[in-house]
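Enquirer: Line by line, the protein sequences give chains P and H. According to our numbering, numbering within the first sequence proceeds without interruption in unit steps and concludes at 559. According to our numbering, numbering within the second sequence proceeds without interruption in unit steps and concludes at 412.
Since the hints were made in silico from the structure, they are not lab data. Hints may contain errors.
To be verified - Covered stretches of chain H, as calculated for chain P (at least 3 residues, CB under 8 Å):
| no. | region |
| --- | --- |
| 1 | 70-77 |
| 2 | 93-99 |
| 3 | 150-164 |
| 4 | 216-226 |
| 5 | 271-285 |
Using N, Cα and C, we set each Cβ at its ideal position, and we do this for glycine too.
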Amino acid sequence: MNDYSQIWQTALIEIQSLVSPANYSTWVKTTKIVREEEGIVFLGVPNEFTREWLFKKCHNSILRILRQLNERVRALEYVVMREDEQRSDEARKKAISTSTIAMPLQDFYINKEDNLNPRYTFDNFVIGPFNELAHAAAAMVVKNPGQVYNPLFVYGGTGRGKTHLIQAVGNKIKSLFPNKKVYYLTAERFGSDLFDALQTSKAQQFKEKYRKYDILIMDDVQFFSSKEKFQEELFHIFNTFHDTARQLVFSSDRHPNIIPDLEDRIRSRFNAGMIIDIAELDKESRMAIIRTKCGPHNITLTEEIIDYLATEIEDNIREIEGIVNIVAHQTIHKNKDLNLNDIKNILKNNAKPKKMLSSKEIVKTVCNFYNIDEDSIYNKTRKKEVVKPRQVIMYILREDFSLSFPSIGDKLGGRDHTTVIHSYEKIKEDIKSNSLLLQEITQLRTML
Amino acid sequence: MKLELHFQEFKKMVMLVERIAAKHMTLPVLSCLLFDVKKNQLTIKATNLDVGAEVYLSAKSDGEEVFAIPAATLSAFLGQMGDYDSFVNIESSSGNIQINTAKSKCTIKAVPYEDFPDIPKVSSEKKISLPPELIVRGLRSVWYSASTSSVKPEFASVYVYLKDDSLVFAATDSFRLAEKKIRLPSRSDIPDILIPFKNITDISRVLESSQESIEVSISKNLISFEIPHKVCIVSRAIDGVFPDYKQIIPKNYTTEVIALKQDIQNSLKLSNVFSDKFNQVKFIIDPKAKLFEIQTKNSDVGENKTSVDAAVSGEKIEVNFNYKYIADCFQSIDSDSVSLQLSGSNKAMVITPIGDKSFMYLVMPMNR
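Next comes chain H alone, as it looks inside the complex (with noise of 0.2 Å):
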């Protein structure tokens, strides 16, 4: 069999995928790239059965057949190639796949592909067609806090759901919460779900790949994205449900802080070079001295004071919270100030963008 395609669109179709491929997994044939060549069309699949991924690619070929190469291997030979305008050539010939650009060949060792797993499809008619661009800028403005444990599959996922026109994007930990709403251009039918936080790098990575319109299937325990003809990634959803966060976002606050994003960010980093192991962060918060200073101690390594520039209103309050969590939000946000709203010691505090209703973080403090 012969293949004749384009190097770029290759190289990038590989590079897409590659990553889902696994390292270690009892099954060797899972951390290789499946090629499905048929008449005039090349499908490239990969999976590390959490995620799935298909890349479908226009080719010349003489002839069907289907072949399996290890994931890293071809990265990193295609990784090591400039970028040139070409055609490549694959050949297999017993066992062996030769790949030819014009300037480098190379022989890969082909793997056994008999055990390389169906990727599942979603049964469901419904197709949401969806901009790719606004449902990432929903995942990655959350993701980050939802939780590394699996303990709670519902808290290690991405709450999607449809609110009157806007998607909302929801994830937590319980110790803090993200919230992003993105307005959809047209009305459509989703259905909430689940997605597992850990497929989010790799089903984003996917999406950003593309500009056109890309159809959203969701069934119970899968969701899909499919460009058509181009690409399609498959991702586990959590059968579960989000709890109702709504309920725990303060109504009203006793104090208020509003200050620039990157006052308050600079003053953080610069707090918590003297932060202790837990990475506590003191906010002390007095109106009437017109005051917002940042505190930290470290018995081992000395203690810092930081004052911000900042308009205070309300009572006066002082709390401490882990550094990590407030420093995590300000990635999703783009306005230049933002407000910190407090209600005592032990309430949760809300920041939120100033000028920007779509985004709300909501972060506990710590209890000592």
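If we strip away everything but chain P, and leave its shape as in the complex, we get (with noise of 0.2 Å):
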């Protein structure tokens, strides 16, 4: 963004030569690039009259003007655009004079058809390293819905924007292809839709539903786990998409080969198209999503304090907003900046605890994963099945958490440290080769 708002700087200066001051400050000054999709250059204009104007009088020159300063630039057009946009730049604060209880009117920005929230773009998707990959593949389906990558798999830990990106994607398609059906829900959704119908008999119907879509796009997977009616209805609906070239679009909060009890034919079919993960935010990204978050809020954090929130607060986004969300708050009642006492305040009483996980905890986890009984991992059994899990809890412990290795032997049941040693050593050698077993490992120290 800061790109093109720079290349417009220098393109005004030029066209300010052009046309006469009044009605430059009329009808140029207010204007900003908005986009660049492709050499064709969208200028945001605010109103109508603007537009008509500046396509009537200016357009050959401002076109050559923008061409000189960049030449892959190839078209430009005009997009209106809504007042609070063109507002976004100037600090607004004005204290709330009424004690009225607003409505709850707020939570409902939902497009009823299509189900899409039209608050989560592309433009307000921030791009980091941890996303990056996913973005791009998200913006190469948003060209050709269907053809590539189909079904796209986006899966990563909670809060790290996988809805965000997911609806992006529907929301860019319907305003690209004004003529696709696009269709958000949930897995948990689809389920009681799916039971309700089966309830109902009216199972057509529900088929019917859901084929006539040209994008199905639906969050949270997971949920499928051991649901066989589901995934069988899921299957249908997948290959009809498929041979038609209609776009699927999926999330999970993990690889479709790790989620359990899935039928092979369902995950093979995930395997198909694109599997792309959202990683761990790291510290810029966290940076740059708080100073977004601020954005719709009209209130400046000064750079210490970004980064001190940056710092505290990790990986998820949603707790990143929440906190934000409270310091604008504050800062409107108070009428004042909040400084870095305040916001340490804040973080105190909001944050969420430090996880303290016993070794318990980590075998429950582990076992839930693996699906197999809690108790197997403290028996003497020496199953395939057992064995493995209990290998990585080792593992796990050591690595992570760096128990000795007696103290781990003692924890699972009295094993001897050298047992625990060469479990220890056989997984890490392991990872190195296999790397479904590291993919697996990754994923539990995630729910960890």
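Reconstruct the complex from the two isolated chains, following the hints.
Expert: This is the structure in structure tokens:
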């Protein structure tokens, strides 16, 4: 975005010399470049009058000036901006003068027809090293829905922007291809829909409902785990969509290969498209997100505060949003900017406590993950399906929690420390060659 | 160039559009009316870049010319002239415009017109034919509820959409919400649209000038109302999504008050004399004691308790409101009596006219 605004600043100086000062300040000054796509520059204008005037009087000169500044520019188009977009730069702070309770209207910004929340767009999607691959894949899908990467499967831990990304895909496709029918839903909703349809014996209507869409976006498909009927219905929808080159987009909190109790035919179909993960957030990305989230509240935080927040809040974008909301609210309420101490206080009261993990909990998570009985870990059994999870637990306890070998052995049913050492070394070696194992362990770590 | 046209018609049309011409803009020509003279036809245009209007008048002319004159000057001149049944002559010579009526002559300095913008046209082919008085009634019934701040353009707009055979008008600033349903004489296909509330006065004024049916065209960013060969007004339309307000309308209530509209209005006005700077009025409703009382208190002025004759039922409740928010809605209520439905001291109160299901008003209480 900075790049555009610099180009436009330079262009403005040139345009200024072409038109009268009155015309300049009426028509040109309030415009800005909103985006650029394959050489087409989209110029944001405040109203239709400006669009007409610029198109009639200045179109060619502006295009020429832009070309001189950047030879990639091929064409120029105008879009009428909403008023709040124009205002976004203005620092605006108004104390709320009324004490009447506001209606909870804001929560309902969802389009009924496609279920998409229009607030999730690519424009407010923060791109960082953690999600740039996912973003690039999504951008490809948007350009050619159904042609490349079908299905697109995005996975990553909670609060990393999966929903934002896949809804942005929907919103973007909707604006680029207005005649395509987009539909967004969560897997849970799909399930309850199917359940209702089966109960009222309207299965056929259910099938038709989903097959009429051109793009189907489904959130949180890990819910399909061990729900055979749902998987079967999804499988059929899958085939219809795939055969007719219609786009499917999925999100999940883990890789399809490690979603337990997923039929192989579904799994292999997920694998046929593009599976891409959203990794952990790095600090720079967190800082960028904090800045973006401050935008709608019209608050500006000092670099020091942003840096502090980015260090303190880890990983979860939703948590960042929550803290920014609190900061914004307090700023308006107190009618002054908050200093670092205030922020520290807010964090102290609101940050979720650092999780304390006992080895028991780790055992429990791992067992759930591999779908085995918890007790078997502590038993003497040497069945294959138990041995591997047991070794993984030992590895994690050693690697991530630096427990001593004897105490690990002690905690897992009184095993000898040499057994633990052997397990640890074995997994460590295996990871190097077995990428599936590595993936499982990465997943487990995010779940802990 | 010489132009001759009927005085009253001319005055009426100038008065219709002159207020649209903006006062303080960087572009001086925007405070002008643009006269576009074609053979036997005069078009007058005015715009403030948010709305634009064109009126078409038949006139006798001996040539073609375009000129612009300050709207304020022309309307002040015409405003002082009585109505009389005669013709007016307009002549242009060397940058001045002479206007001759039977008794008075004036010369107005013309302003260079080259910078006057074109008024955009809605490109959509589809035109919807509607009676203007219905639209004006719908807009007027709700527009005062829209937010005056433009932070959220959706809230600074009147939302118009089709539901069954009625056109529904809704506006909210998130503290109160007004909804008016207007039954349409014939079924038409109308897309949802958000009209900025600050353009509503201009639109209503133009629409009220006609009894003929108007043609409405809608595109993504524009809405236009046109009476063919007479007048056309174009307004920006907001590209956004109005919140799904149906979900916040309370489905049931615990306390109901039915009273004469005039009684409530009078008591509120009386009580408001003693309200504080937030215009806070307190409703005390006690069905057991058959009481509906309005209380106000201002530490600098004094306090007041006024009871209203009403039929009250349900649970006892005490709740605070902003006087202004309640008083606003009575302008849209034509019936004699109204019903107030409450469901708790921090839930919205629903005001509806008795015997008229077309209007509904929601107001949120104050939290102290």
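Enquirer: Okay, which hints does this one fail, numbers in order?
Expert: none
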